[in-house]
Amino acid sequence: MDSRTQEFLEHVQSGGQVESTDWLPDEYRRRLVKFVEMHANSELMGVLPERDWILRAPTLQRKLALTAKIQDEVGHAQLIYRVVEDLGKPREQCLDDLISGKSKFHNVFHYPTRTWGDVGVIAWLVDAAAIVSQKALLKCSYAPYARIMKKICWEESFHILHGRDVILALVTGTPAQFELVQEALDRWWEPLMMFHGTPIPADEDPMYVWRIKSQGNEDARQQFLEGYVPQIRELGLTVPDPNLRRREDGVWEYTEPDWDRLMAVVSGHGPASQERLGFRRLSRAGVEWVSRVVLAEAA
Amino acid sequence: MTPRVFEVFRRERHGQPFQHAGSLVAPDQRFAEIYAREQYGRRQESDALWLVPREDIHEIVEFPDEFDLKYRRVDGYSIKARLKQARERSGSPPRGEPLGLEETPEAGP
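Chains as they are written, first to last, in this note's numbering: chain A, 857 to 1155; chain B, -1 to 107.
There may be inaccurate statements among the hints.
Claimed, not checked - Facing chain B, according to a computed beta carbon distance under 7 angstroms, are these residues of chain A, among others: (1) Val930; (2) Leu935; (3) Arg938; (4) Ile1004; (5) Ala1120; (6) Val1150; (7) Ala1154.
What the hints contain is simulated information worked out from the structure, not anything from laboratory work.
Quantities reported herein were computed from a predicted structural model and do not represent experimental measurements.
Don't be surprised by glycine CBs; every beta carbon is placed ideally from N, CA and C.
Chain A extracted, bound-state conformation (with noise of 0.2 angstroms):
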């Protein structure tokens, strides 16, 4: 390691922030933006699980705050993908590359939504469990990138905020309704164990000791665990891990999950991933004439 990349590395690792303009080793640039764009895939494809449920929402109030759920998410990508542009990839190519299965996307966004059920518990646990990783985003080394991760912070708040509400209404319900959480978590659990990532440890991970993330990935889990299990115990359901317990130094033992698993279904072998791929290539198919019109109306 050359002098400059390391006075750059004990920059970053004691707190030190950077800018789109300064200069940046190769490989802090190469990991940044593959891990910024795999966040902005990540919001991408993941209004395509909640958008089937639009037509299906149970009352208007429940479609418009769907609704504006989708735009915020969609938003986000918006948002991230202007950080991805700025470090030298052009958003195109990231959606070519989205779209020909070249880079990923999280591992929750592979998975069918069966009921109403399941997006009441993306809406809570899905987005709970992605706050405690943008939460941490927030001491990113890359300023752009924590700059805006206060603004998706934000409003992913109000998306846990949906999500317990709809959550809360069917579990003080029918003993059907009741019943339809239950198993929305039942199948999201596992998914949820997964999103963190593999416990390796902080000072292995690159993307920590650069600095993208400012905590391991056992730890963000830890917190996840911390933060819902009580949440949803509370409710009366039940956490499908037989093995799940807090131990009295406060960490969380679980069933490990099938790490082949998720870089299975990571790699586009998930039970949704390719027809959400396919429905990605249908719409930008679909809305390319868009662009052309805009660009020949401001021209």
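Add chain B to chain A, keeping to what the hints say.
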């Protein structure tokens, strides 16, 4: 027309400074306004927005001080030792830090 990058600055409340919020790509100012409203104002989180085409921002980052003009800086004034001396001379009782207008200015505004 090729899309341009607009930097967005937002103000949360009247009387506060504008702060950089992010950027957007738009083919012209009209579209930039629509996008900025959607991205940074649809929840009444901003009281005003500034949109600046990126190429209109001129950044200055180097502030050389070849002659080490200390009298322009806080560290150019070492009042403490002389103040102590003056107090001793006049027979005033010793005090802690200087008060009121004698206070050291902050490093920045």
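Right, here's what the structure says about each hint:
Taken as an interface hint, valine 930 of chain A does not check out: its beta carbon lies about 10 angstroms from the nearest beta carbon of chain B, beyond 7 angstroms. The interface hint given for leucine 935 of chain A holds, since its Cβ lies 6 angstroms from the closest Cβ of chain B, which is under the 7 angstroms cut-off. Annotation: interface hint on arginine 938 of chain A holds; nearest CB of chain B at approximately 5 angstroms, less than 7 angstroms. The beta carbon of isoleucine 1004 of chain A comes within 5 angstroms of a beta carbon in chain B, closer than 7 angstroms, and the hint placing it at the interface holds.
Taking 7 angstroms as the C-beta cut-off, the interface hint given for alanine 1120 of chain A is violated, the closest approach to chain B being about 35 angstroms. Interface restraint check for valine 1150 of chain A: the shortest CB-CB distance to chain B comes to about 6 angstroms, inside 7 angstroms, so the restraint holds. For alanine 1154 of chain A, the interface hint holds, since its Cβ comes within 7 angstroms of a Cβ in chain B; the closest pair sits about 3 angstroms apart.
In summary, the numbered hints that this structure violates are 1, 5.
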